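Q: Below are the chains, spelled out letter by letter.
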Amino acid sequence: MHPIAPSRPFATLPATAGVGFKPQHFDAILADPREVGFFEVHAENYFGAGGPPHRRLTALRERFPLSIHGVGLSIGGAGRLDPDHLARLATLVARYEPEAVSEHLAWSSHGGVGFPDLLPLPLNEETLARVVEHIDETQEALGRRMLLENPSTYFRFAESTIPEVEFLAEVARATGCGLLLDVANVDVSATNHGFDPRAWLAAFPIERVGEIHLAGRFETLDDAGLPFFVDAHDSPVADPVWALYAETISRVGPIATLIERDDAIPDWPVLAAEAARAQAIIDAVQAEGGDRHAA
Amino acid sequence: MPPDRAIAHFAPGQRAASHLARQAAFTEALLDGGAPVPEGLLAPGGGPVGRRFAVHRATTTLGSVAALAARYPVLERLLGGDTFVDLARAFLRIDRPRTALLLGWGDGLADFVAVHPDLVDWPWLADVARLETAWSEAHHAAEAEPLVPADLAAFSPDALAAARLRLHPSLRLLASPWSIVAVWAAGGEAEGVELAPEWAMVLRPLADVGVHRLDAAGFAFVSGLASGCPLDEVVAAACRFDDGFDTGTRFVELVRLGAVVGIDLPHDAEETR
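Residue numbers (the working numbering), protein chains in the order written: chain B, 1 to 295; chain L, 1 to 273.
For reference, chain L alone in the conformation it holds in the complex (with noise of 0.2 Å):
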């Protein structure tokens, strides 16, 4: 279109001027990379705009595709660069940011690999990329000063069996049927990956995120924890996995890992933190 015809189409006081329009028609053809650029754009002399606009295009997908791959840089490992950028691109049709925002965007690509047809011979994938997701979390996770095994000397036996803990906020829990905690660790360089139940603790009580491989146990100890049961109960849960568990030795530990960061003991009892 000449550049007269763009100015008569977008006089001041046409609806088609206002901003709103304007940011709407910018962003279908941002949104679509097969439409055409959207009219009323000048460059010097009244010249094409493609490879102007094409910037925007490039910058906004591209963008979005290296937030994807510093959340999820195993993943990225695992497919290969170029598998995972086509993948982010496929996944971009689906999912956008909702805003400028990135941090934190991209929780759906899990549930997106888990469902790619071209990834059905890799069923890990999603799991890896769910702890990577988990991983991004506790990175991100707010701060609180985690108790020391020292702590728990202020406490009978009795009065922590009706305890209930407050884990640390950065804690999240992942079981895979993968053993996708070694596949993590390899960074994405492991030769295979085992059809073998693994349960993943992700904690960074301090400064750096840290990936703990639980048993079953473990697992379902650290987990009714979480949704806040009071220890006797989690612990009654934890021996059904395994009937020699060694509550004292368990819970020393997860303090000593930074994960508890307080004990409330039920109603008129004293609390701590």
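Chain B with its partners taken away, still in its complex shape (with noise of 0.2 Å):
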């Protein structure tokens, strides 16, 4: 039996566009509160005990739905999850209350060493056993459920043994757990492993889904010149991705969406104006079909 209520939602953030904070848009942020429905911030940057960072984010969410995004757990990490990393994340989460939680299905450190990246993991029936305890231990620290983000991969395993959408979809039965459709994440790792997107997203279990994320790709070539993505949110959403999100939110109805910039960050109504652009989307297919069909 799971700890955490089935009943309760995977998230509750609005089904509108929101915007990676960054602390440089704050000031613009707050003189011109045009239409953002919400704002995501990676946690990492909130483990110190106070400051400006945690001035400016208590100022946010007295305004805004707040998504907490971690990028250091280690969810997909073979070793235990660092105790003092998740109490952080806890500490983070009852102190802001957000909307959202979300985490990635990646490992970033190994015996003492951390990585500043998402590193990918194989997908077989030994990492997800490890995944799915780590989530449930995640979900009982923060005594609420979180979302994982489907990944970005340059290179398949050759111990992988269950395809991606099939094992996010377990883990999300086994722990109860929501998912994050990263929509761009799919196309990058589509393109890099020859694989149909749109095939992905129709066997994706989309009724878990409680956010979805936008970014830039760098486009470039593998060794043997084939066409190869890396996931660089240092640039705006690639009309391909924007193709998929429509689709994809025309057929099952809005979901929450963030436009991610974390390089390369342009001043605040270009982002501002990225994010219009889903919410766009989102209102067009509101106009159409009123709600979300699975929920």
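Bear in mind the hints are in silico, worked out from the structure with no lab data behind them. Some hints here could point you the wrong way.
Unchecked claim - Which chain L residues stay away from chain B? Per the calculated CB distances, all over 10 Å, these:
hint, residue
1, Ala35
2, Pro117
3, Ala159
4, Ala216
5, Asp243
Stated by the list, open to error - Here's a subset of chain B near chain L, in silico, CB distances under 7 Å, partners left out:
hint, residue
6, Phe47
7, Gly72
8, Asp196
9, Ala199
Model, not experiment: these values are computed from the prediction. Each residue gets a CB set at the ideal place from its N, CA and C atoms; glycine is no exception.
Could you fit the two chains together into a complex? Lean on the hints.
A: Structure representation (structure tokens):
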């Protein structure tokens, strides 16, 4: 039996467009509170005790719904979760009571060395069991359900035996967690592995999605000259990703959607305009069909 | 290695296929840029994965370098971007983050700079880095409401003499034989650095971190208070550096800056905040 009540929703973000918060945009956001539905922050940037980061987040949280997105818990790691990291995440979540808490299907530390990256893991029975344990432990520590994000990957592992969609669906089923659908990651992985992103999305358990991510990628070639996309978050969302996104929400209804930009960060109006583009797609879907079909 | 051999090598159930062994091999290949790409990684059509794996090598290294640059912006400006990146890469060979949490990582950079053979002609750089460490710690320190000068009216001078002060959790002190506060204040654009001792107090009572220049007596005064000594003992220490040390003015100034969050009177007497 799972300790987290399955009747509670995966996340309670409004089905609107949000933006990843960057401190340099703080004054512009407060001076020009245009229609942005929510903000998301990386949990680890707020693991300090106080100071300007928390002052800004407190002010933001008073005005907007909030998503806390962890990038370093190492849920896909072979070892046990770092109890200090988990405790600090739980403290942050208790302090700000965000509408969504999410983390990645990835690992980022091993044997006392940490990496500022989301490293991939093989998908098989062994890693499935470990990820389920880690999410159970996380949800217990947080006292709520979390969302797990589908990764962008650059190669496959010879020892993988479970398709990614099945792996994510089974983790969600076993733990009761929700999912964060990163449409840009789907397109990156589809390109890198040569699969059809639409088939992936059709098989994905969309009814468990509490939030969508959209971001830009860097397009290059691999050693063999094959198209190779890097999940760089340093540019606008690419048109094929907008198309996949629009198709997805017109099929299932509006879902809270975040514009992510973590490098080469433009001025606030540029990001706000990207969010407005997502909002326009949401509004069009809402005008056509009303509420989300699967929830 | 052709992919069929890779698959055989990592067949399910074999020890080499374990997630832990996979992570260990990955870690080794990420830490040593010259190491071969781990086995058993597949690209479509069984092609080579060198460029694909290289993204993780670049991200992990550049992410750590960027974290250091964000924490040591003045040092970066003093050294120049390329030199700073070289320094950061060299530092990464001896000091990696312990976890993916980079907040607060990099304290060892100042000591690394201090003994770096290429930097012996710029001996003040290490203290500039230490000042930036202090700034970063103050930036993220816990909140505490500072006293204001009017709060002092509640205390008699005699009671204060034996009092111990609780200082703001963001307060950091740093002494250097070099004019590092001037270098820091110029954002790394200063023309020259003088062999002139400076005593710095870093403090963030409200939203913004301030770097204040103290004199030797003031430094002795605040250091003594920070280590929990009673006021009269601390004043005696400060007077050894400046026999005209004006306790009243210095104390009120410290409170005015927001450095004091509480005053503990000896045993039975009452306590504020």
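Q: For each hint, tell me whether it holds in the structure or not.
A: Structure-based check of each hint:
1. For L:Ala35, the requirement that its beta carbon stay farther than 10 Å from each beta carbon of chain B is met, with the minimum near 14 Å.
2. With a cut of 10 Å on Cβ distances, L:Pro117 stays outside the contact zone with chain B, its closest approach being about 26 Å.
3. Against chain B, the non-interface label of L:Ala159 holds: every CB pair exceeds 10 Å, the least being about 30 Å.
4. Once the 10 Å rule is applied to beta carbons, L:Ala216 is consistent with being away from chain B; the minimum gap is 29 Å.
5. Under the 10 Å C-beta cut-off, the non-interface status given to L:Asp243 relative to chain B holds; the minimum distance is some 38 Å.
6. Proximity of B:Phe47 to chain L holds as hinted, the smallest CB-CB distance being about 5 Å (cut-off 7 Å).
7. The interface hint given for B:Gly72 is met, as the beta carbon of that residue sits about 3 Å from the closest beta carbon of chain L, less than 7 Å.
8. Below 7 Å, beta-carbon pairs count as interface contacts, and B:Asp196 has none with chain L, the closest being about 13 Å; its hint is therefore violated.
9. This hint is violated: B:Ala199 has a C-beta 16 Å from the nearest C-beta of chain L, more than the 7 Å allowed.
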